[in-house]
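I would like the entire structure built from these sequences, with the hints used as guidance.
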Amino acid sequence: MTPATGRFRTGDRVKVKFEDRPGHLRTPWYIRGKSGRIEKVYGDFLNPELLAFGKDGLPKKTLYQVAFDHSEVFGKAQGAKDKVLVDIYDHWLETLA
Amino acid sequence: MSDDHGHDHPKHELSYHAKRIYAMRDLLVEKGVITEKDIQSQIEYQEARTPANGANLVAKAWVDPQFKARLIADPKAACAEIGIDATALNEFVVLENTPQVRHMVVCTLCSCYPRPILGRPPDWYKSFNYRQRSVSDPRGVMREFGLELTDDVEVRVHDSTADIRYIVMPLRPAGTEGWSEADLAKLVTRDSMIGVMDALPMLPE
Amino acid sequence: MARGHHDVGGLPGAGAIEVTEHQLSDWEILADAVNQALGARGIKRTDEMRRAREEMDSAAYRDMTYYERWIASIETILIEKNILTKAEIDRKLVEFESKWGEP
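Chains as they are written, first to last, in the numbering used here: chain A, 1 to 97; chain B, 1 to 205; chain C, 1 to 103.
No lab work stands behind these hints: they were computed from the structure.
The list that follows gives simulated cross-link-like pairs (lysine to any residue, SDA-like), each with its CA atoms no further than 20 Å apart: (1) K81(A) x L95(B); (2) K76(B) x Y45(B); (3) K99(C) x A23(B).
Computed footprint of chain B on chain C, listed as stretches where at least three residues anywhere in the stretch have a Cβ under 8 Å from a Cβ of chain B: (4) 19-25; (5) 31-38; (6) 50-64; (7) 72-82.
Bear in mind the structure is a predicted one, so any value in this text is a computation, not a measurement. Note that beta-carbon positions come from the ideal geometry of N, C-alpha and C, so glycine has one too.
In structure tokens:
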């Protein structure tokens with residue numbers, strides 16, 4: 001794995017920022033503003049928001065696999081333990097106490 | 001009419017966009033931006049990639065616990081062990097199903113799929129219906145594919161939003177002790193490696 | 001701002017999953033190969049292609065087939081990077097029309 005310079009570690013509780021700005025954003029609408037838990041720290045990757053416009057993608061951003069309870073995201077639970085997991089970049093996340 | 005690649009249209013019947021790719025191809029080659037050989041080798045590369053690659057990985061993991069551990073720890077290296085060239089993948093993760101956990105994979109934002117291993121995704125994987133419902137109604141999608149799960153099972157839907165690509169390792173079906181890897185691989189369908197269904201319970205006809 | 005037309009996860013109103021398969025036509029295989037070849041040569045990135053699709057007219061996005069969207073994006077990116085011009089592509093099509101003609 002590549003180095004991970006980001007703020008979060010496996011097990012941290014995080015909230016996805018609710019941002020609504022132009023550009024190539026890889027954080028799906030359905031997950032914005034939702035709270036979850038870091039499952040994996042994948043390491044640093046070039047930033048797709050910049051690559052999409054022909055830029056070099058620097059500085060790299062740490063990518064995480066974040067797990068969300070299905071009920072947290074879609075308001076009703078199908079299986080009580082069901083989860084949605086999304087790969088999200090560091091700058092989209094904030095600490096949840 | 002050639003049958004090699006399905007329906008070949010007489011060229012004057014092609015849609016607007018279809019004609020434009022032929023035009024762009026000719027111009028790009030004329031200008032030396034890409035070569036005919038580049039195009040041909042991409043066609044051949046893609047044709048060599050089929051779900052059989054994934055089925056072979058899973059079947060070997062079912063019979064060999066050490067290989068399974070290596071596959072989960074370093075999937076690209078495990079691919080290389082059995083002659084699958086996964087180098088085009090940035091990162092790839094194998095999601096192991098258990099009796100308590102089932103995984104399902106989607107790309108809601110476009111159609112990301114582990115192409116260097118499994119080849120091209122099926123049309124339904126790329127459809128709006130799948131992209132919309134897989135995250136909000138995974139059990140409903142599984143039900144359509146014939147998989148009914150009790151509420152105590154954990155369903156984990158992975159949205160491939162970045163460079164990580166996911167393949168599901170389905171559960172080994174009961175009653176397959178002593179089977180050859182080749183026969184086991186026949187139970188591992190492409191759809192079971194996307195996670196919308198389990199592996200086949202018996203050999204297909 | 002609002003949710004992009006590509007950002008469809010969780011949207012209501014989706015129907016049954018139609019499990020059809022279609023054999024790719026020659027032009028679809030070509031679109032796939034040209035896309036990959038351009039990437040392999042470092043001429044464009046997948047991120048640029050995705051962005052081009054996201055910027056497409058929404059009605060066109062829903063109406064086009066999968067590979068048609070790819071072809072439209074390839075054209076957008078090549079023109080953006082001054083590798084081809086729309087006029088050149090249009091001219092080539094006119095050449096084709098006279099070459100292929102009607103049966």
